[in-house]
Amino acid sequence: MSSKLKVQSSKLVGSLAAFAAFALSIFAQNDGSQQNKTGRAGTFAIVNARIVTVSGATIENGTVVISGGKITAVGPNSSIPSGAERIDGRGLTVFPGMIDAGTNLGLAEIPLGVDGSVDVAETGNMNANAKAFKGINPHSSHVNVTRVNGITTVLSYPNGGLIAGQGAVINLNGSTQAEMAIIPEFGLVINYPRLAGFGRGGGGGRFGPQLDFNQLVQRRDAQIEELKKIFHDADMYAKSKEAYAKDKTLPYPATDIRLEAMTPYIRGEKPILFRAERANDIKSVAKFVTDMKVKGIIIGGQEAWKVADDLKKADIPVVFTNIYQSVVRDDDPYDYFYSAPGKMQEAGIKFCISTGDPGQEVRDLPYQAGIAGAFGLSKEDALKSVTLYPAQILGLGDKLGSIDVGKVANIVVADGDMLDPRTNVKYVFINGKMLPLTSRHTELFDSFKDRKAP
Amino acid sequence: MKKATAYYLMLLLLVAGLRLPAAAQSKGQDVLIRNATVMTAVKGTMEGTDILIQNGKITKIGKGIAAPAGVKTIDATGKYVTPGIIDCHSHTMLDAINEGSLSVTSMTGTRDVLNNTDITIYRALAGGVTAANILHGSANSIGGKNTTVKFKWGHPIEDYPIADAPPGVKFALGENPKRSNSQPQPGVQPRYPQTRMGVIETDRDALIRARDYKQQWDDYRAGKTKVPPRKDLELDPLVEVIEGKRLVHAHGYRSDEHLNLMLLADEFNFKVATLQHGLEAYKIAPEIAKHGTGVSIFTDSWSYKLEAYDAIPYDAYILWKNGVVVSINSDSDERMRRLNLDAAKVEKYGGVPEQDALQMITLNPAKQLGIDKRTGSIEVGKDGDVVIWSGHPFSPYSRVETTIIEGETFFDRQLDAQHRIDMAKEREALEKLDVNRAPGSGGGPPRIPAEKRQSERDRSEFGEDDEDGGGNNR
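Each protein sequence line maps, in turn, to chains A and B.
Take the first sequence: its letter number 298 is residue 298 in our numbering, and every next letter is one higher.
Take the second sequence: its letter number 299 is residue 1299 in our numbering, and every next letter is one higher.
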């Protein structure tokens, strides 16, 4: 490998000077120095910029100050601390970093044909103790590719079996999992039993037996009973542990790490992420959440707008995934999914927009939101649906998702509307650290852009 | 039996309902689009401009064109007009994508399995696509013949193929013809080839056989031999390739493979028409430019399989800078609907100018498919294939309002809205019928469609094999 690289670089000697100058110009443009890839902390003042706060009115010409990893000032006339590095924001717009609350980022480098790089789905039906946090590769090339497009935070979750494990909320920066983590064990993923059959978890599968509607209902109900039994077991387990804590004369209850992991979820202390798409299935989730007195979030939610009342009654928000998805039924309208976020907004459902992508295409998040903006959602809400709304759904509404004093400095500076594919991201900050705008893509670009035929 | 017949009749009505607006239009209607911002794709963007389409052709472009008698007028004030989008790599409309049993299946062709009731056609029109290169899959080194079509939704199948489009054939390199990502069936000897070494030799062998076969015919026609050679349906299309009469559309990812195929083509004195996907084409852009081959890419898909790991979104820019004709394709029923946003991205990655970016989904695919004399730009004399957008086509907030092919409206958002109301009424009526009642209350078991679902076809991007043994096509 290294010898191959050497050969390649020797070919590039001719254009090395130009290449070096270009590389330097990129760094100069971004922060003025070489830096390691996890960025550089400091006090920064972005001046004369347009500031889209998302939470309040847009400031047409103002200053954002970043210090100690936080946003310390926002406004048209904010004072700039002495020693702050000034960033000229003329012609640029400041946005909060985008958040994708429904990915497997870091768990699958190359999903097809490279099994060794895939850690998305554990085997077996009940893996409450499996944690994405322990599987995420901080050095995945998807991390940099995603953040240089303005996405600073994601929920990454496992998705195998009935109870898949726990998703983590991470910032897209850090050399270790701990450095990335915002909430290492955020939510428990349940592939909610589905009624009908295309794709994961339902139907007879492509080569399976063809089941009629009644059989499908029976099977779905049996799976829900199985789920309820696991919840019951977890409840009994937690109670026996509690009882022992109070009364040491009781026999010591053996530890079961799977059931142990369920405790905060069955008690409604942390949210359960139910993967469900169709109206019938989502309705069933709402009933389950109410019956079991747990905290629920829908991931998927293609037809959530059809069951708004159920969702609102059970206080379930929706992480709407993959607006790009092909419309399934022939007689559904062509914009069935494009228009879904707008319909959720109209119906008063709490929602956000997510790519639902394994990792490599999470960077398309802004354009997925943009499309919703063409089909019923206002531009403002389209932006909120990838910033403030996901922050709120992840319980981080006071820390992320808008440009407000006291919030974590996850900030993107761009030369236009962040949801427009023509817009260039100029600066990215995560936890107040200025990040280089480099990725596997820019590195390969730099290696080949000036190559001449021998 | 009666019940089943009634059911299918209802289904037919439903499908017919979907197709109503197109069928209701008269063929090749004259139309005047007024006061639009026209992105011609060749002569820049013209504000406040009219376009007159008569007998299917663009006859006038300019300001304040007087409407000839009987011409339908569309007010496009505040709207944008572009040429119809052309997708240079699609498998839509196909009832089967891969004949994967042999490594060379040039005797097959997509024309034989085109399905004009595929709803994807209508959805592509709703994304501004008017024409597409319908390709055989990539399961084998040499696949079947292509069909270049216009999406004349509601028309008989005969109206779809573009009659004067040069014919083509699919080649494929890398993981797919090697069958790297498909499950081998137990007890079955894997199909040759299994390596990239074997793939290129399969191509060489087929081309040599075609050359020999051509020699036999040439000798016979020159009177050197008295016995005519036996007709060979596999080799006939490959003879056309060698003679430069049939375009080669070669699926592949790695730059070394592309280069090897171009070198092989040099041996046989033909040019590869397009490198399809070409995700690493940027690594050999000067060589591609020299060979005169076009490249049809994804703007930014990457990392879904190993041979796509070095794909970068700057691919288009580097190729463009080297003077290569670049198009952006979808290879997906889903992605086809948003090629405008893919084109927008190449402005960002490297800085391709707007018109050149637009050409990558209009004029350039037309050139690659040999149909640029009739379509791909807004110019007098070309086919009236245009799209009216609610705003700039590269903005994510814009929608397609109307899609017109040869003067005829095939998608219109207003008509579509009316449609939904009609369909809802029809559905309601259908659901009330005895035959459609739920099982347990008089109805039969649900019908499970025999044909592949769209969603499954698109799922191939993550490598699940499709039913006809084809496997993924990306």
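Since the hints were derived computationally from the structure, they do not count as laboratory data.
Glycine residues also receive a C-beta, built at the ideal position from the N, C-alpha and C atoms.
Keep in mind that a hint or two might mislead.
What the hints assert, rightly or not - In the DSS-like style, the derived pairs of lysine-lysine whose C-alpha atoms are separated by at most 25 Å in a straight line are: (1) A:Lys306 / B:Lys1425; (2) A:Lys306 / B:Lys1432; (3) A:Lys379 / A:Lys270; (4) A:Lys452 / B:Lys1290; (5) A:Lys37 / A:Lys399; (6) A:Lys449 / B:Lys1290; (7) A:Lys312 / A:Lys228; (8) B:Lys1043 / B:Lys1425; (9) A:Lys350 / A:Lys270; (10) A:Lys37 / A:Lys70; (11) A:Lys426 / B:Lys1043; (12) B:Lys1043 / A:Lys452; (13) B:Lys1382 / A:Lys283; (14) A:Lys229 / A:Lys293; (15) B:Lys1057 / A:Lys343; (16) A:Lys452 / B:Lys1271; (17) A:Lys426 / A:Lys379; (18) A:Lys449 / B:Lys1425; (19) A:Lys350 / A:Lys399; (20) A:Lys313 / A:Lys343; (21) A:Lys293 / A:Lys379; (22) A:Lys295 / A:Lys131; (23) A:Lys343 / A:Lys312.
Claimed, not checked - Cβ pair distances, simulated, as ranges: (24) A:Asp415 / B:Gln1355: 51 to 57 Å; (25) B:Asp1434 / A:Lys350: 37 to 43 Å; (26) A:Arg329 / B:Val1227: 24 to 30 Å; (27) A:Met236 / B:Gly1391: 23 to 29 Å; (28) A:Asn61 / B:Ser1390: 28 to 34 Å; (29) B:Tyr1192 / A:Asp221: 25 to 31 Å; (30) B:Lys1425 / A:Asp309: 35 to 41 Å.
**OP:** Quickly compare the C-alpha distance for lysine 293 (chain A) and lysine 379 (chain A) to 25 Å and report which way the hint goes.
**Re:** Violated. Lysine 293 (chain A) to lysine 379 (chain A) sits at ~36 Å, over the 25 Å cutoff.
Original post:
In this structure, is the beta-carbon distance linking tyrosine 1192 (chain B) and aspartate 221 (chain A) contained in 25 to 31 Å?
Top reply: Since the Cβ atoms of tyrosine 1192 (chain B) and aspartate 221 (chain A) sit about 50 Å apart, the hinted range of 25 to 31 Å is violated.
Original post:
Does the alpha-carbon distance linking lysine 426 (chain A) and lysine 1043 (chain B) stay inside the 25 Å limit?
Top reply: Outside the cut-off at roughly 32 Å; violated.
Subject >> Pairwise hint evaluation, lysine 293 (chain A) against lysine 229 (chain A), where the allowed Cα distance is 25 Å at most >> reply: Holds. Lysine 229 (chain A) to lysine 293 (chain A) sits at ~15 Å (cutoff 25 Å).
Original post:
Are the Cα atoms of lysine 343 (chain A) and lysine 312 (chain A) separated by 25 Å or less?
Top reply: holds, 14 Å
Original post:
Does the structure keep lysine 449 (chain A) and lysine 1425 (chain B) at a Cα separation of 25 Å or less?
Top reply: violated, 57 Å
**OP:** Below or equal to 25 Å on CA atoms is what counts here, so check lysine 37 (chain A) against lysine 70 (chain A).
**Re:** Holds - the C-alpha atoms of lysine 70 (chain A) and lysine 37 (chain A) are around 20 Å apart, at most 25 Å.
Subject >> Holds or violated: lysine 306 (chain A) to lysine 1425 (chain B), with C-alpha atoms at most 25 Å apart >> reply: Cα-Cα ~18 Å, so holds.
Subject >> Range hint compliance [Cβ, asparagine 61 (chain A) to serine 1390 (chain B), 28 to 34 Å] >> reply: holds, 30 Å
Subject >> Pairwise hint evaluation, lysine 399 (chain A) against lysine 350 (chain A), where the allowed Cα distance is 25 Å at most >> reply: Judged against 25 Å, a Cα distance of about 18 Å means the pair holds.
**OP:** Assess, step by step, whether the Cα of lysine 313 (chain A) is no farther than 25 Å from the Cα of lysine 343 (chain A), and give holds or violated.
**Re:** Holds, because 17 Å separates the two Cα atoms, which is no more than 25 Å.
Original post:
lysine 37 (chain A) and lysine 399 (chain A): Cα distance at most 25 Å?
Top reply: Holds: lysine 37 (chain A) and lysine 399 (chain A) sit about 24 Å apart, inside 25 Å.
Going down the numbered hints, you'll see the structure goes against 3, 8, 11, 12, 13, 15, 18, 21, 24, 26, 27, 29, 30, while the others check out.
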